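A.B. asks: The chain contents come next:
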Amino acid sequence: MKEALMSGPAPHDTRTTGRSLGPEAITPLVLFGLTILLVIASRWISPNLGGFHQVAAIIVLSSFLMVVAFGQQMVVLIGGLDLSVPSLLTLGGILTFGWSTASGWSLIWILLAVLVVNGVIGALSGAGIAWLRIPPFIMTLAMGIIVYSAALGITAGTPRGHPSAALASLFTGRILGLPPIIYLMILFVIAGTALQSYTPFGRKLYALGTSPVAAHVAGLPVGWLTVATYALSAAVAGVAGFLLVGYAGGATLVMGQSYLLPSIAAVVVGGTSILGGRGTYISAVAASLLLTTFSTIISSVQILEGWRTIIYGCVILIAIAALREDLPLWLNRSLQRPSRPPPQAANAQSAQ
Amino acid sequence: MFRKHPLWGFVLGLVMAAGLVLAGLGTAARAASPKKFKIYLSLSYSGNAWQSEAANIVKALAATPPYDKLVDLKEVISGTDVQAQISAYESMIADGANGIISFPISSSGLDKAIRRGCKAGVLIWVYDGMVTEPCAYSVSYLPSGFGENTAQYLVNLLHGKGNIFLSRGVAGNMVDKRHYDGAMSVFKKYPGIHIVAEYYGMWDDQTTQLETAKALAAHPDVDGIWAQAGEDGALKAVLASGRQKLPKLTGENSNGFRLALANPAYQARGFNGVSSGSPPASAGVAFKLMMEQLVKGRKLPFHNILYPLPWVPANQVKICTGSTFENGCNAFPEGKVPDSFVDEVFNPTLVPELSIASALEGKPTPGATIQPLPPNSYFKQSPNVPGIDCNHCQAPADPYPLTKVTPFNSGT
Numbered sequence: 001m002k003e004a005l006m007s008g009p010a011p012h013d014t015r016t017t018g019r020s021l022g023p024e025a026i027t028p029l030v031l032f033g034l035t036i037l038l039v040i041a042s043r044w045i046s047p048n049l050g051g052f053h054q055v056a057a058i059i060v061l062s063s064f065l066m067v068v069a070f071g072q073q074m075v076v077l078i079g080g081l082d083l084s085v086p087s088l089l090t091l092g093g094i095l096t097f098g099w100s101t102a103s104g105w106s107l108i109w110i111l112l113a114v115l116v117v118n119g120v121i122g123a124l125s126g127a128g129i130a131w132l133r134i135p136p137f138i139m140t141l142a143m144g145i146i147v148y149s150a151a152l153g154i155t156a157g158t159p160r161g162h163p164s165a166a167l168a169s170l171f172t173g174r175i176l177g178l179p180p181i182i183y184l185m186i187l188f189v190i191a192g193t194a195l196q197s198y199t200p201f202g203r204k205l206y207a208l209g210t211s212p213v214a215a216h217v218a219g220l221p222v223g224w225l226t227v228a229t230y231a232l233s234a235a236v237a238g239v240a241g242f243l244l245v246g247y248a249g250g251a252t253l254v255m256g257q258s259y260l261l262p263s264i265a266a267v268v269v270g271g272t273s274i275l276g277g278r279g280t281y282i283s284a285v286a287a288s289l290l291l292t293t294f295s296t297i298i299s300s301v302q303i304l305e306g307w308r309t310i311i312y313g314c315v316i317l318i319a320i321a322a323l324r325e326d327l328p329l330w331l332n333r334s335l336q337r338p339s340r341p342p343p344q345a346a347n348a349q350s351a352q
Numbered sequence: 001m002f003r004k005h006p007l008w009g010f011v012l013g014l015v016m017a018a019g020l021v022l023a024g025l026g027t028a029a030r031a032a033s034p035k036k037f038k039i040y041l042s043l044s045y046s047g048n049a050w051q052s053e054a055a056n057i058v059k060a061l062a063a064t065p066p067y068d069k070l071v072d073l074k075e076v077i078s079g080t081d082v083q084a085q086i087s088a089y090e091s092m093i094a095d096g097a098n099g100i101i102s103f104p105i106s107s108s109g110l111d112k113a114i115r116r117g118c119k120a121g122v123l124i125w126v127y128d129g130m131v132t133e134p135c136a137y138s139v140s141y142l143p144s145g146f147g148e149n150t151a152q153y154l155v156n157l158l159h160g161k162g163n164i165f166l167s168r169g170v171a172g173n174m175v176d177k178r179h180y181d182g183a184m185s186v187f188k189k190y191p192g193i194h195i196v197a198e199y200y201g202m203w204d205d206q207t208t209q210l211e212t213a214k215a216l217a218a219h220p221d222v223d224g225i226w227a228q229a230g231e232d233g234a235l236k237a238v239l240a241s242g243r244q245k246l247p248k249l250t251g252e253n254s255n256g257f258r259l260a261l262a263n264p265a266y267q268a269r270g271f272n273g274v275s276s277g278s279p280p281a282s283a284g285v286a287f288k289l290m291m292e293q294l295v296k297g298r299k300l301p302f303h304n305i306l307y308p309l310p311w312v313p314a315n316q317v318k319i320c321t322g323s324t325f326e327n328g329c330n331a332f333p334e335g336k337v338p339d340s341f342v343d344e345v346f347n348p349t350l351v352p353e354l355s356i357a358s359a360l361e362g363k364p365t366p367g368a369t370i371q372p373l374p375p376n377s378y379f380k381q382s383p384n385v386p387g388i389d390c391n392h393c394q395a396p397a398d399p400y401p402l403t404k405v406t407p408f409n410s411g412t
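Chains A and B supply the protein sequences, listed in that same order. Numbered per the numbering used here, the first sequence finishes at 352, counting up by one with no gaps. Numbered per the numbering used here, the second sequence finishes at 412, counting up by one with no gaps.
Possibly wrong hints are sitting among the right ones.
Said to hold, decoys possible - Per the computed footprint, the stretches of chain A lying under chain B, defined by three or more beta-carbons under 8 Å from a beta-carbon of chain B, are:
1) 57-66
2) 158-170
3) 245-251
4) 262-270
Simulated from the structure, these hints should not be mistaken for lab results. Quick caveat: nothing in here was measured; it's all calculated off a predicted structure. Note that beta-carbon positions come from the ideal geometry of N, C-alpha and C, so glycine has one too.
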């Protein structure tokens with residue numbers, strides 16, 4: 001019975017009716033559309049922009065953010081926040097870099113080991129949040145500091161290891177003219193979306209995020225779902241570290257630091273409610289692409305760094321304001337009744 | 001709670017006796033060993049290769065005989081926050097430190113704490129960066145002209161025309177500004193040089209790689225890259241873009257970059273450049289000078305010591321066979337050290353005691369003993385750099401003289 005309840009299409013969203021597009025479909029379309037517009041418009045800034053190579057470069061650059069955003073989005077979906085992402089990404093990178101030489105493990109085994117180590121650490125965070133009732137940001141912040149400090153102590157500041165040629169070829173190789181990482185990312189996004197939207201586990205997270213009390217009353221294993229979500233977030237942060245070692249050919253203790261705020265920005269710009277219960281991974285993917293495209297374009301414009309950061313911040317604000325959840329509703333209404341203005345607006349005008 | 005019990009007196013007596021015995025042992029131990037100098041190592045932040053190498057070699061030198069018997073070294077990491085380093089200095093001074101060796105987070109923010117330390121008789125040495133308080137001592141390459149010399153080298157390689165990227169350090173940092181001002185003093189003389197992208201790589205390989213990749217997407221027609229630390233990331237971004245013709249690249253001292261400069265396959269694709277910039281060895285030199293002051297009473301004629309600018313053009317890269325710089329070698333084979341390893345942690349004249357294990361793990365080299373430093377005549381005084389090593393002082397008439405390379409159109 002519970003399964004039947006959870007596997008229906010978007011059970012949490014009771015506002016959209018009929019066959020109109022729900023916010024979950026419109027948000028990613030708007031974001032993808034904006035990205036394409038940006039790429040086309042960028043030719044105006046530099047004639048070299050907007051080409052095939054630039055699009056491929058942007059997808060490669062945003063792949064790390066897309067991976068990290070998957071975990072962050074799941075955590076935000078259940079009303080939490082994962083601040084340990086940078087440390088766990090770094091840990092994944094250090095382990096990958098170190099293991100590539102030590103025993104000559106094949107990449108698959110290294111990836112599995114990273115998933116397990118990071119998953120266990122994430123599960124510990126989840127357990128603290130679920131059963132010790134520690135607020136998520138405190139728990140993940142503390143776990144992040146512990147992991148980072150342990151990494152600093154063990155590596156003495158310089159992670160050792162060997163770059164893996166096979167891992168690097170994900171970025172330097174070409175399959176049908178594109179780096180293999182692009183195909184892998186398409187698979188990752190499909191798998192992530194499927195896990196989130198078409199499995200009982202994914203649907204239960206929506207229920208948990210909408211109302212933990214109701215989820216508990218409905219008999220969902222709230223504690224274990226929380227543990228699994230944080231474990232998943234930690235594990236994919238490790239995957240991002242794994243990929244970054246392939247990209248950069250090495251690991252540093254600061255490699256994760258630039259992914260905390262972008263991961264949250266991608267999730268929020270992607271329309272996931274920071275209170276939990278609403279949002280989709282595909283929108284976070286679209287937002288990752290949009291943010292990376294924007295930062296690529298803005299870095300090719302000759303302006304002072306301070307202004308660049310200000311513009312970047314403004315774009316995030318505008319995107320969040322423009323993608324408020326009532327926007328799709330408004331769009332639907334105006335699409336259904338294109339000619340007539342809403343009655344409130346008409347009243348307001350006549351009152352003046 | 002503490003009701004009188006026949007056993008109490010006995011227990012009390014036992015504790016007192018034990019205390020007396022321990023105190024006696026302690027006194028005996030102290031009397032047996034010579035006086036140790038209490039030295040503090042105050043770091044900004046540990047987490048990149050440069051910072052950890054600099055800290056590691058100080059630890060390795062402090063553990064090398066005879067300093068292992070003379071030094072009690074304690075390490076304090078203060079993040080990137082000036083306030084934290086000020087309070088760290090204060091507690092070191094209060095703890096009766098003989099010396100503080102430090103990577104200064106700010107060139108002027110630490111002045112008051114340093115002045116208090118000097119008054120209390122603490123020797124204060126800074127490395128790499130400099131401070132405006134004149135009672136502190138420093139060993140730094142900073143005024144030796146990294147920015148202008150590498151910029152001129154790049155201009156010469158490009159014959160005065162082409163599109164270039166500037167890969168800078170940390171926005172708003174004095175060191176980044178000094179390098180940038182020096183470089184711009186050269187670039188602005190050449191109208192054929194077009195700066196098509198300028199970005200901040202945070203002196204970090206990965207950030208530099210990502211930022212360079214973004215710039216390459218917009219400007220695939222780049223001819224040269226002028227980079228501060230993080231140049232190995234810039235190189236990786238160029239290689240990952242799959243282009244056949246490689247741009248010229250000037251940068252700092254990472255092993256990956258030096259190996260690439262010497263790589264014939266890359267040279268055939270047009271790769272060329274120079275490896276220069278910040279040497280972690282300055283930390284070791286500062287520590288040894290401080291120890292000679294403490295142990296031998298060495299007197300120095302000036303406080304700010306200039307570390308000569310490391311300078312290794314592509315045709316002078318020489319791979320080492322051992323685990324330190326010897327016989328003029330200046331890079332290590334792939335796999336022996338990470339690509340991000342900063343090679344200029346070694347200096348056969350000034351810090352011959354060090355090996356790769358010292359730089360990576362802080363371990364003394366087996367069998368090594370501390371070698372004396374050259375006489376005062378060997379060292380050069382730093383020129384004035386207002387706001388970096390002095391306040392209210394006059395900069396030299398030409399603040400950015402070229403020392404390593406001659407300008408391209410002066411007939412050479």
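A.B. asks: For each hint, tell me whether it holds in the structure or not.
C.D. replies: For each hint, the structure was consulted:
no., hint, result
1, 57-66, "holds (count 4)"
2, 158-170, "holds (count 6)"
3, 245-251, "holds (count 4)"
4, 262-270, "violated (count 0)"
Hint violations for this structure: number 4 only, all remaining hints satisfied.
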